[in-house]
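2 protein chains.
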Amino acid sequence: MAMENFKQFLFALSAAVTVGFVSIIFVLRWVFYFKEGLAWDGGLAEFNWHPVLIVTGFIFMQGIAIVVYRLPWTWKCSKSMMKFIHAGLNILAFIFAAISLVAVFDFHNSQKIPNMYSLHSWVGLAAVLLYSLQLVLGVCIYLIPITPTYLRAAFMPLHIYSGLFIFSSVIATALMGITEKLIFGLKDPSYKDSPPEATFVNVLGVLIVIFGGIILWIATRPSWKRPSEQVLRSLPTNGGGSVGTEVSQHTDPKDNGDTRRRSGKLEDSGQVN
Amino acid sequence: MAMENFKQFLFALSAAVTVGFVSIIFVLRWVFYFKEGLAWDGGLAEFNWHPVLIVTGFIFMQGIAIVVYRLPWTWKCSKSMMKFIHAGLNILAFIFAAISLVAVFDFHNSQKIPNMYSLHSWVGLAAVLLYSLQLVLGVCIYLIPITPTYLRAAFMPLHIYSGLFIFSSVIATALMGITEKLIFGLKDPSYKDSPPEATFVNVLGVLIVIFGGIILWIATRPSWKRPSEQVLRSLPTNGGGSVGTEVSQHTDPKDNGDTRRRSGKLEDSGQVN
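Heads up: the protein sequence lines correspond to chains A and B, in order.
Under numbering that gives the first Met the number 0, think of the first position of the first sequence as 0, with each following residue one higher.
Under numbering that gives the first Met the number 0, think of the first position of the second sequence as 0, with each following residue one higher.
Do not take every clue at face value.
[Claimed, not checked] Below, computed lysine-lysine pairings styled on PhoX-like, alpha-carbon distance capped at 25 Å:
{"#": "1", "chain 1": "A", "residue 1": "191", "chain 2": "B", "residue 2": "75"}
{"#": "2", "chain 1": "A", "residue 1": "180", "chain 2": "B", "residue 2": "191"}
{"#": "3", "chain 1": "A", "residue 1": "191", "chain 2": "B", "residue 2": "180"}
{"#": "4", "chain 1": "B", "residue 1": "224", "chain 2": "B", "residue 2": "82"}
{"#": "5", "chain 1": "B", "residue 1": "180", "chain 2": "A", "residue 2": "111"}
{"#": "6", "chain 1": "A", "residue 1": "78", "chain 2": "A", "residue 2": "224"}
{"#": "7", "chain 1": "B", "residue 1": "111", "chain 2": "A", "residue 2": "191"}
{"#": "8", "chain 1": "A", "residue 1": "224", "chain 2": "A", "residue 2": "82"}
{"#": "9", "chain 1": "B", "residue 1": "186", "chain 2": "B", "residue 2": "111"}
{"#": "10", "chain 1": "B", "residue 1": "34", "chain 2": "A", "residue 2": "191"}
{"#": "11", "chain 1": "A", "residue 1": "186", "chain 2": "A", "residue 2": "34"}
{"#": "12", "chain 1": "A", "residue 1": "180", "chain 2": "B", "residue 2": "180"}
{"#": "13", "chain 1": "A", "residue 1": "111", "chain 2": "B", "residue 2": "75"}
{"#": "14", "chain 1": "A", "residue 1": "186", "chain 2": "B", "residue 2": "191"}
{"#": "15", "chain 1": "A", "residue 1": "186", "chain 2": "A", "residue 2": "111"}
{"#": "16", "chain 1": "B", "residue 1": "6", "chain 2": "A", "residue 2": "191"}
{"#": "17", "chain 1": "A", "residue 1": "6", "chain 2": "A", "residue 2": "75"}
{"#": "18", "chain 1": "B", "residue 1": "224", "chain 2": "B", "residue 2": "6"}
{"#": "19", "chain 1": "A", "residue 1": "180", "chain 2": "A", "residue 2": "111"}
{"#": "20", "chain 1": "B", "residue 1": "82", "chain 2": "A", "residue 2": "186"}
{"#": "21", "chain 1": "A", "residue 1": "75", "chain 2": "A", "residue 2": "224"}
{"#": "22", "chain 1": "A", "residue 1": "191", "chain 2": "A", "residue 2": "180"}
{"#": "23", "chain 1": "B", "residue 1": "34", "chain 2": "B", "residue 2": "180"}
{"#": "24", "chain 1": "B", "residue 1": "6", "chain 2": "B", "residue 2": "75"}
{"#": "25", "chain 1": "A", "residue 1": "224", "chain 2": "B", "residue 2": "224"}
{"#": "26", "chain 1": "A", "residue 1": "180", "chain 2": "B", "residue 2": "111"}
{"#": "27", "chain 1": "A", "residue 1": "111", "chain 2": "B", "residue 2": "191"}
{"#": "28", "chain 1": "B", "residue 1": "34", "chain 2": "B", "residue 2": "224"}
{"#": "29", "chain 1": "A", "residue 1": "180", "chain 2": "B", "residue 2": "186"}
{"#": "30", "chain 1": "B", "residue 1": "6", "chain 2": "A", "residue 2": "186"}
{"#": "31", "chain 1": "B", "residue 1": "111", "chain 2": "B", "residue 2": "180"}
{"#": "32", "chain 1": "A", "residue 1": "186", "chain 2": "B", "residue 2": "186"}
{"#": "33", "chain 1": "B", "residue 1": "34", "chain 2": "B", "residue 2": "111"}
{"#": "34", "chain 1": "A", "residue 1": "224", "chain 2": "A", "residue 2": "34"}
{"#": "35", "chain 1": "B", "residue 1": "180", "chain 2": "B", "residue 2": "191"}
{"#": "36", "chain 1": "B", "residue 1": "191", "chain 2": "A", "residue 2": "34"}
[Unchecked claim] Sample of chain A residues at the chain B side, in silico, Cβ under 7 Å:
{"#": "37", "residue": "51"}
{"#": "38", "residue": "113"}
{"#": "39", "residue": "178"}
{"#": "40", "residue": "193"}
Since the hints were derived computationally from the structure, they do not count as laboratory data.
Glycine residues also receive a C-beta, built at the ideal position from the N, C-alpha and C atoms.
With the sequences and hints as input, model every part of the structure.
Structure (structure tokens):
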């Protein structure tokens, strides 16, 4: 099935994946080259799991989970399969975030550093708690088949908004975390003297912001939404090209524009089937 | 003219204004009660202009500027007048941000502290530069009457997205700034020991996040958009209640739902007239 502005979508998606991967490489290089590496020993190497798991799981994986419905190659898959992938990626991201919290609390406790004193920890814990609430509500409302359709429709704008809000809060929290770690971790030369580690990790922070910006752009383009199930079912499955297999040949936005226009109701509330 | 879910809108708007005002009171109390007050002396009292002007101008005023088209009381005003108010508030917010930058550079220079070494300064300066670009492009495309309509329509999704992205980046930058200032400014007891100032300013950070969250919620509800000029012109100006004057009497969403349904085209590209 053709997607409006397919080339722009492909460019945005490639940019997001590239910037995301580079961010992961950056956090690994930070930890292994500039810092103490990874271990589970109550020391700084245990703390290092915190940024690694956050960037890999809570930022990259959550970002991909957010845009997974947008991939036109998945439009031939059933909606329920895509929901399981969306939920699965988010649950995986949550597990990464939970382990990263254990790492930092364990590190603080063995080093006699207080927990939960900083704005970073306040906003971060709130984001993790809201994320788990979002997961539980999402599974109950959209994966358990008994929830009535009107409830699914009514909750969808809130589900989308809070997903993007939590994702943005996680990125803001990561920026505070980077700030804290560069101030506490760099002594002689300190953060102020801009040693190579400081500049390198500042770039990581900028990469995370760009990754977040691209994910939010993809997630908020109405024309890149997965078409409704009625539209997908109404498409010819032979002759005109089967659904989802000839994406690259149909990039003209006028090509099958009719199939993309949805009622204002669906546009407002998201798709609920 | 009636607005869908008017009571919810009123609640969200009141919450945003209240939380915004409380944030301003918090930053003033931080500066005057816990810190050195305000002055232009190259010392810490000059630095204090930085958080005060950012919270007042770059966060609160920018937030109000973003949602100003949503206020149903303004729907009787001409679109061009609302555009001038939107632009004017944003220009005022930019001036506040610019002075706040002068304050911090001037403070750094007189104290021999390096400039632009931190992630806070990188993301913050990028946000100010993008904001000025957004202002110039916004004025050229939407206020200068010669720009062709197709260009206004094509640019609108980008204008909306980048406005919200810059606003979110400013809030993320403020959270990094609070983190830096509490680490550098608190010694014996330090940030880790949670003195009253630390807890108080952490709350300020949380208030700023909540303010941002409410503004983004209001700005992204499709049913709260200012109706298109065609719709506003087609409304009766007597008998059925004149436009904009009887908002509180027409809160039933079914009341004049027909006037609110716009074409998919307008929904996607925003309103350009």
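Hint by hint, where does the structure go against what was stated? Just the numbers, ascending.
Violated hints (numbers, rising): 1, 13, 16, 20, 28, 30, 34 and 37; every other hint is consistent with the structure.
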